[in-house]
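These protein sequence lines are chains A and B, in that order.
Quick note: the first sequence uses my numbering, first residue 1, plus one each step.
Quick note: the second sequence uses my numbering, first residue 1, plus one each step.
Honestly, I wouldn't trust all of these hints.
[As the list claims (entries may be wrong)] To be clear about the criterion: a stretch of chain B counts as covered by chain A if any three or more of its residues have a C-beta under 8 angstroms from a C-beta of chain A, and this derived list gives those stretches: (1) 31–43; (2) 49–61; (3) 74–84.
These are computed hints drawn from the structure, not numbers from a lab.
Idealized CB from N, CA, C, for every residue including glycine.
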Amino acid sequence: AQSVTQLGSHVSVSEGALVLLRCNYSSSVPPYLFWYVQYPNQGLQLLLKYTSAATLVKGINGFEAEFKKSETSFHLTKPSAHMSDAAEYFCAVSDSGGYQKVTFGTGTKLQVIP
Amino acid sequence: NAGVTQTPKFQVLKTGQSMTLQCAQDMNHEYMSWYRQDPGMGLRLIHYSVGAGITDQGEVPNGYNVSRSTTEDFPLRLLSAAPSQTSVYFCASSPPLGQSTDTQYFGPGTRLTVL
């Protein structure tokens with residue numbers, strides 16, 4: 001069965017600094033990988049997805065993630081943090097080829113310090 | 001488009017009571033899913049559906065029933081509520097992966113407390 005591990009339940013960065021949120025996956029088949037963001041008291045929003053078309057995936061709000069098969073990683077980055085990036089971020093994986101059976105990580109709360 | 005709507009937003013139940021959480025989408029999506037979110041555990045899949053009349057179990061299906069009689073609606077039924085079912089419940093819908101507009105849309109959630 002597929003799974004993802006997010007390293008660090010809380011990450012703090014200064015405004016303008018690099019954002020790096022870590023995610024490692026485990027899957028017996030080529031995976032589909034996703035990053036979601038959740039703002040307080042809201043549902044989740046898809047940031048970006050990897051479906052094997054390109055290893056560097058660009059998403060919304062300036063985020064991107066790189067699929068590294070050798071490291072089984074799919075880390076999320078953003079060059080310069082903004083106060084509005086403060087939220088909880090979830091890495092997720094699907095080996096079904098669709099959104100109907102997505103397994104989520106435990107989440108990383110990002111704090112942006114002014 | 002209203003997107004994915006969920007009702008109610010908040011609900012308090014007593015142990016043993018039953019209730020239905022409603023979920024509807026107006027985007028003609030084939031796929032719909034129910035998740036529960038608990039602190040420190042991320043989202044866990046309860047049940048999902050790939051089309052009207054087709055449902056299947058996810059990771060944590062015990063204590064919950066679903067049906068999908070129409071494309072638009074995907075209600076989640078709690079048969080006999082237990083305190084362990086206290087959680088925030090999210091419904092989501094999506095077209096099949098690979099379509100040009102494919103993304104997974106989440107509803108705003110239902111916060112359920114079972115006493």
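Hint compliance check: list the failing hint numbers for this structure, sorted ascending. 3
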